[in-house]
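**Q** Sequence:
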Amino acid sequence: MENRQIAERLIELVGGRGNIQSVAHCATRLRIITVDKEQIDMKAVEDLDKVKGSFFNSGQYQIIFGTGLVNKIYDEV
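Heads up: take any position in the sequence shown, counting from 1, add 1093, and you land on the working numbering.
Keep in mind that the hints were calculated from the coordinates and are not lab data.
Among the hints, a few may not be true.
[Claimed, not checked] List time: in silico BS3-like cross-link candidates among lysine-lysine, alpha-carbon distance up to 27 Å: (1) K1165 with K1130; (2) K1143 with K1165; (3) K1136 with K1165; (4) K1145 with K1130; (5) K1165 with K1145; (6) K1130 with K1143.
[Claimed, not checked] What follows is a list of derived Cβ distance ranges for each label pair: (7) E1131 with G1161: 26 to 36 Å; (8) I1126 with E1169: 15 to 25 Å; (9) M1135 with M1094: 15 to 25 Å; (10) I1113 with K1165: 23 to 33 Å; (11) M1135 with G1159: 13 to 23 Å.
Heads up, the beta-carbon is just placed ideally off N, CA and C, and yes, glycines get one too.
Turn these sequences into a full structure, and let the hints guide you.
**A** Here it is as structure tokens:
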């Protein structure tokens, strides 16, 4: 799966653009703050190609992609 396809599918799985308040990243994780975390399909996100895991921390939904790849996915989101 291409990075753009992963980003597009990821947006759908977190409830669409209308459910996203902000997106940021660190060295390995994409960090998303959502309006309603209940709209997130965590199982489907974790099943996406190249996703190594996900979790909630301090109100952020964090998706682990790994060093380097997270920057590319962030640029597509």
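**Q** Run every hint past the structure and note whether it holds.
**A** Verification of the supplied hints:
1. Under the criterion of a C-alpha separation no larger than 27 Å, the hint pairing K1165 with K1130 is consistent with the structure, at around 24 Å.
2. Under the criterion of a C-alpha separation no larger than 27 Å, the hint pairing K1143 with K1165 is consistent with the structure, at around 12 Å.
3. Between K1136 and K1165 the alpha-carbon distance is near 22 Å, which keeps this suggested pair within the 27 Å criterion.
4. About 20 Å separates the Cα atoms of K1145 and K1130, which keeps this hinted pair within 27 Å; it holds.
5. Between the alpha carbons of K1165 and K1145 the distance comes to roughly 15 Å, so the proposed pair stays at or under 27 Å and holds.
6. Annotation: proposed proximity of K1130 to K1143 holds, straight-line Cα distance about 22 Å (limit 27 Å).
7. Here the CB-CB span from E1131 to G1161 is close to 32 Å, well matched to the stated 26 to 36 Å.
8. A beta carbon spacing of about 18 Å between I1126 and E1169 agrees with the range 15 to 25 Å that was offered as a hint.
9. Judged by the Cβ atoms, the range 15 to 25 Å given for M1135 and M1094 holds: they are separated by roughly 18 Å.
10. Checking the proposed 23 to 33 Å range against I1113 and K1165 shows it is violated: the Cβ atoms sit about 18 Å from each other.
11. Between M1135 and G1159 the Cβ separation comes to about 18 Å, which falls inside the hinted range of 13 to 23 Å.
In summary, the structure is inconsistent with hint 10 from the numbered list given earlier, while agreeing with all the others.
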